[in-house]
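Chemist: Here the protein sequences come in this chain order: G and A. Every letter in the first sequence is one number past the one before it in the numbering used here, and letter 60, counting from 1, is 60. Every letter in the second sequence is one number past the one before it in the numbering used here, and letter 164, counting from 1, is 1164.
These aren't lab readings, by the way, just hints derived from the structure by calculation. Note that this is a predicted model, so its numbers are computed, not measured. Note that the Cβ used here is the ideal one computed from N, Cα and C, for glycine as well. Possibly wrong hints are sitting among the right ones.
Stated by the list, open to error - Quick list of the computed label-pair ranges, beta carbon to beta carbon:
no.	chain 1	residue 1	chain 2	residue 2	range
1	G	Glu160	A	Arg1028	50 to 60 Å
2	A	Arg1118	G	Gln93	29 to 39 Å
3	A	Gly1061	G	Asn84	27 to 37 Å
4	G	Gln70	A	Arg1032	52 to 62 Å
5	G	Gln93	A	Asp1056	35 to 45 Å
6	G	Gly193	A	Arg1174	54 to 64 Å
Number of protein chains: 2
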Amino acid sequence: MATLPKALLFDTFGTVVDWRGSIIREVRRVGREKGVRADWAAFADAWRAGYKPAMDRVRRGALPWQTIDQLHRMILNELLARFNLRLTEREKQDLNRAWHRLRPWPEALAGLRRLKRRYIIAPLSNGNMALLVDLAKSRALPWDCVLSAELFHHYKPDPETYTGAAALLGLKPRETMLVAAHKDDLAAARQCGLQTAFVRRPLEFGPQSAPDLTADRRFTLSADDFLDLARQLGV
Amino acid sequence: MATLPKALLFDTFGTVVDWRGSIIREVRRVGREKGVRADWAAFADAWRAGYKPAMDRVRRGALPWQTIDQLHRMILNELLARFNLRLTEREKQDLNRAWHRLRPWPEALAGLRRLKRRYIIAPLSNGNMALLVDLAKSRALPWDCVLSAELFHHYKPDPETYTGAAALLGLKPRETMLVAAHKDDLAAARQCGLQTAFVRRPLEFGPQSAPDLTADRRFTLSADDFLDLARQLGV
Chain G
1 MATLPKALLF DTFGTVVDWR GSIIREVRRV GREKGVRADW AAFADAWRAG
51 YKPAMDRVRR GALPWQTIDQ LHRMILNELL ARFNLRLTER EKQDLNRAWH
101 RLRPWPEALA GLRRLKRRYI IAPLSNGNMA LLVDLAKSRA LPWDCVLSAE
151 LFHHYKPDPE TYTGAAALLG LKPRETMLVA AHKDDLAAAR QCGLQTAFVR
201 RPLEFGPQSA PDLTADRRFT LSADDFLDLA RQLGV
Chain A
1001 MATLPKALLF DTFGTVVDWR GSIIREVRRV GREKGVRADW AAFADAWRAG
1051 YKPAMDRVRR GALPWQTIDQ LHRMILNELL ARFNLRLTER EKQDLNRAWH
1101 RLRPWPEALA GLRRLKRRYI IAPLSNGNMA LLVDLAKSRA LPWDCVLSAE
1151 LFHHYKPDPE TYTGAAALLG LKPRETMLVA AHKDDLAAAR QCGLQTAFVR
1201 RPLEFGPQSA PDLTADRRFT LSADDFLDLA RQLGV
């Protein structure tokens, strides 16, 4: 590291919170209440899998700007039909808000608290502001501020998100560091001049998955979790 | 109150922090270092007085969008000449950042911590994001997120700021409450459908001033400080 960053920007789904475990728990509960049996892990995976294509339609301009809440809901409507799950409008809204209360990875909170002592910490997520604020509130995530793709009307990996976040903090891109479990996100941030920290989250896609966890020399550093990141960043 | 709000949005300069006392201390220190004697309270008052006309030029479109940091610096340049204070570029930058470390009113932190237990709390300030994030970081303000006029490229009292803040939180205007020591700010928020809390800050403009502190029936409630506000909001 040439110089330490001043602000750490955190990808959120998968990096800070375990979306898959959290969503499986929520849809399993709903299935039980409705007396429907199904592969709820497949439901969670399908919900997540629908998100990137939907977002890419917004990025290409095929859809007007829509929040992740709206995209999640669009995908949910299809999944409910496919899994034969009949919900009232109110129940659908509540299930869609499962993404507002995802559980952090076990060490994430302790790591964020340590990192906050020396650095500005903020999410930089494709999740909309309301989602991220609710998530922070329900899980006591100690952010200094909340930054969302919604503020730029551009989704990651569009460069406007990375350069926009640095600009809002009054910092040069190299004074900020993106922290993420996803190499495509980090590679795009690096192209914009940000420092980059790869954090391994081997269970993001479940125990059967085999994600690429190798250290990558393109990135400023690689860490096993947020506590390891804090150690490497001197706190 | 018909129904309690879900989020409290706080005007910041004067409502959360004592800008006048803080700025007087900073310019007095600089004056002492430079061996210049002057009425530093008058300096602080002139700095603040220049802010609204400068902002109004942006609001009318006479100036392109500029942050409060930029407007403060423009005013500071004139004041340094008027007060015969010669500073290096670095010293000017540091003095301009005095607004990033203003001191909260004595009970503000305790009040915010209490209010945060039940409500989403965020600044809604004309200060730019970097200023507000630095302020929160240096003074441990426990915001759930930071909202700034900069996000909307509109300054208060433009309606875009109040309705935009509610929308980013996924709330209806009436589900939010503006908390401010300034009746013009509250009146504009009320026009946009927000609930409103008037907080008395008798010393904002110094011990010689006589601000209008009367309760105003247009507003949802009036409070003596943030602890009184917390009590009235049931926390």
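Chemist: Work down the list of hints and note, for each, if the structure agrees.
Modeler: Going down the list of hints, with the structure as the test:
1. Take Glu160(G) and Arg1028(A): their Cβ atoms lie about 43 Å apart, and the range 50 to 60 Å is violated.
2. For Arg1118(A) and Gln93(G), the hinted distance range of 29 to 39 Å is not satisfied, since their beta carbons lie about 22 Å from each other.
3. A C-beta distance of roughly 56 Å is found between Gly1061(A) and Asn84(G), which places it outside the suggested range of 27 to 37 Å.
4. At roughly 57 Å, the beta carbons of Gln70(G) and Arg1032(A) sit within the given window of 52 to 62 Å.
5. The beta-carbon spacing between Gln93(G) and Asp1056(A), approximately 42 Å, falls within the hinted interval of 35 to 45 Å.
6. As the Cβ distance of Gly193(G) to Arg1174(A) is approximately 43 Å, the hint placing it in 54 to 64 Å is violated.
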